[in-house]
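Novice: These protein sequence lines map, in sequence, to chains U and D.
Numbering (full-length UniProt numbering) for the first sequence: 1 to 425.
Numbering (full-length UniProt numbering) for the second sequence: 1 to 235.
Any given hint could turn out to be false.
What the hints assert, rightly or not - DEER-style ranges, computed between Cβ atoms:
(1) 279/U - 212/D: 29 to 37 Å
(2) 163/U - 106/D: 40 to 48 Å
(3) 50/D - 209/U: 40 to 48 Å
(4) 220/U - 105/D: 52 to 60 Å
(5) 69/D - 111/U: 46 to 54 Å
In case anyone wonders, no lab produced these hints; they're calculated from the structure.
Every residue gets a Cβ at the ideal spot worked out from N, C-alpha and C, and that includes glycine.
Chain residues, written in single-letter form:
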Amino acid sequence: MTPAVLKDAALTALVAFGLFAPMVGLRTDVGPTGELVLRQRWGDVAILVGIAFVGRIALMAWRAVRGEPKPPSAARTEAIRRAGTFVAPVLLAFAVALPLIPGTGRYELDLGILVLTYVMLGWGLNIVVGLAGLLDLGYVAFYAVGAYSYALLATNFGLSFWICLPLAGILASFWGILLGFPVLRLRGDYLAIVTLAFGEIIRIVLLNWVSLTGGPNGVSGIPRPTFFGLSFSMSGEPDTFAGFFGIEPSPSHRVIFLYYLILGLALLTNWVSIRLRRQPLGRAWEALREDEIACRALGINITATKLTAFALGAMFAGFAGSFFATRQGFISPESFTFIESAIILAIVVLGGMGSQIGIAIAALVMIGGFEVFRDLDEWRMLVFGGAMVLIMVVRPRGLVGHRTPTVALGERRSISAEHVAEGHG
Amino acid sequence: MLAVDTVSTAYGAVQALREVSITVAQGEIVTLVGANGAGKSTLLMTICGDPRARSGRVVFEDRDITALPTHEIMRLGLAQVPEGRRVFPRMSVMENLLMGAQVARHDPAPLLRQVFALFPRLEERQSQRGGTLSGGEQQMLAIGRALMSKPRLLLLDEPSLGLAPLIVRQIFAAIRELNEKEGLTVLLVEQNAYQALRLAHRGYVLVNGRITLAGSGRELLAMPEVRDAYLGGGH
Chain U
1 MTPAVLKDAA
11 LTALVAFGLF
21 APMVGLRTDV
31 GPTGELVLRQ
41 RWGDVAILVG
51 IAFVGRIALM
61 AWRAVRGEPK
71 PPSAARTEAI
81 RRAGTFVAPV
91 LLAFAVALPL
101 IPGTGRYELD
111 LGILVLTYVM
121 LGWGLNIVVG
131 LAGLLDLGYV
141 AFYAVGAYSY
151 ALLATNFGLS
161 FWICLPLAGI
171 LASFWGILLG
181 FPVLRLRGDY
191 LAIVTLAFGE
201 IIRIVLLNWV
211 SLTGGPNGVS
221 GIPRPTFFGL
231 SFSMSGEPDT
241 FAGFFGIEPS
251 PSHRVIFLYY
261 LILGLALLTN
271 WVSIRLRRQP
281 LGRAWEALRE
291 DEIACRALGI
301 NITATKLTAF
311 ALGAMFAGFA
321 GSFFATRQGF
331 ISPESFTFIE
341 SAIILAIVVL
351 GGMGSQIGIA
361 IAALVMIGGF
371 EVFRDLDEWR
381 MLVFGGAMVL
391 IMVVRPRGLV
401 GHRTPTVALG
411 ERRSISAEHV
421 AEGHG
Chain D
1 MLAVDTVSTA
11 YGAVQALREV
21 SITVAQGEIV
31 TLVGANGAGK
41 STLLMTICGD
51 PRARSGRVVF
61 EDRDITALPT
71 HEIMRLGLAQ
81 VPEGRRVFPR
91 MSVMENLLMG
101 AQVARHDPAP
111 LLRQVFALFP
121 RLEERQSQRG
131 GTLSGGEQQM
141 LAIGRALMSK
151 PRLLLLDEPS
161 LGLAPLIVRQ
171 IFAAIRELNE
181 KEGLTVLLVE
191 QNAYQALRLA
201 HRGYVLVNGR
211 ITLAGSGREL
221 LAMPEVRDAY
231 LGGGH
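Isolated chain U, as found in the complex (with noise of 0.2 Å):
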């Protein structure tokens, strides 16, 4: 064992101190009269240390036996592709029939319109980060326009959910060109800050002004969606979605109904962006990603490709948000935290930035996942955050890194992520 390892694995045993000292090693419990008493629990302190210590050791030894770490092979990301190509149908065809397979209930269609939603955000955001590059750290107030441009069009005007949804579109859009116009000349982590104080803006001033939103109580009552203006309440009226089909009214049909309008939303975003990535517009976008200055030595309005790029992912996110609205029934600033916008940044860099498919499996993974660990309680912010890591330095570019060419003269070749260093686009 040779100094530098006892060196670094000392280091990692300090960083461990700095860390579990203060969440460790004081508590706050409430004493016999009532008062809040300090419990000081150095010994679990010093195992939580010890543990590192050893744990340091252990990993650097493994590391000398093993030898250097491989860059993965252009095999394995060519494995992957291949893969890609199959899985994508098979959880296409997953999301379709899921409220159709026996033992599908309540709980299963609710998640799945959950994951359908962040997947939706995820391809709505992609469009902004992923392709044209630009880190948006404040997206959930474009969702929150779209949530309340909904709800307050809906409780105020009596506006149905089909007529509202383009609108809340078009308004979050709106709000998406307005943020682009102070931003168009920022890049990375100014460009972030903006955005994160745009977030954060939109979300006080939902939260502050009373007379419209209604402040920290939200807006309540909001229309659930209609079948075509046949609604899907149970007392069997011919003008509702079980008289009208002569079907035995139960509360599952809204569920299902929900889940395929989400999917529908979902696909419909997913395919504009395919769509858009072969277009001129979409190519643009993902120059202007690389490299700026080349971008605009070969002609391109920088002003007009980005703003589209803002415009277009708002505008999804607008969607989701009415959507989210009509599922609730209730929507209040507390949905619009900033943690939203990090999560469903979270999902686009760990599906690999730009892929449509490693983006709908990060959000299966992150949503579904935490669900699934729901009976951990406490330990489940944990495992999400060591599966994050671990994502990331399995595969550093996202699960999907690689991408594929829009156009070729013959075959189309991937070319795998590896081959450009990290930090290059």
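Start from chain U and add chain D according to the hints.
Specialist: Coordinates of chain D only, in the frame set by chain U:
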């Protein structure tokens, strides 16, 4: 074809160009030589409207383009090969080339054939990522990408930067071929003054943002001040 008339440009308080006037006629190869920081690239960028000229005029084919936004200037029939090549690293060679034809209204297919005829290497590597090409291939790609917009005037910024002498000769031969066969007008910015002046019909020498010498390539090559300052006297 291109006339830069007493143009001054500044970055904030730093004056980069002082009343520079140059002309480029149809069918010519004109080169700008000068030391690091003399303002060669700034002049090229000013023609493209970024940064904008503080005073003076830039006229392209009888049209005043001084105040036009960059993306409109680049659609008028001039194309720029930026310094450092700037190919799109994660996009394939083919996608890189099509980006060049992005704003053009013509069919890219014949131009693509022309670029592949000029640089057969690009055709072989068309599905490879731009970032995985060698420096010379990236330069070919950058030139090919600029040609895809069917320009009448090509602005080249330091095409020899960081390339092996053999590759530089290939690139310069390609520029000469474009000029002679296609009649393409070229404005070339180079630190490699010897090669550039041998290739060019005419040249300008830029010192501290001012044009100090002008003449045909051969004349400039023969001038003792040019030989001493830029050619190291050894060639």
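Novice: All hints are to be evaluated individually against the structure, with a verdict given for each.
Specialist: Cross-check of the supplied hints:
1. 279/U - 212/D: 29 to 37 Å: About 49 Å separates the Cβ atoms of residue 279/U and residue 212/D, which means 29 to 37 Å is violated.
2. 163/U - 106/D: 40 to 48 Å: holds, 43 Å
3. 50/D - 209/U: 40 to 48 Å: Since residue 50/D and residue 209/U have Cβ atoms about 41 Å apart, the given range 40 to 48 Å holds.
4. 220/U - 105/D: 52 to 60 Å: Once the Cβ atoms are compared, 54 Å apart, the range 52 to 60 Å for residue 105/D and residue 220/U holds.
5. 69/D - 111/U: 46 to 54 Å: The hint (46 to 54 Å, Cβ to Cβ) holds, given that residue 69/D and residue 111/U are roughly 50 Å apart.
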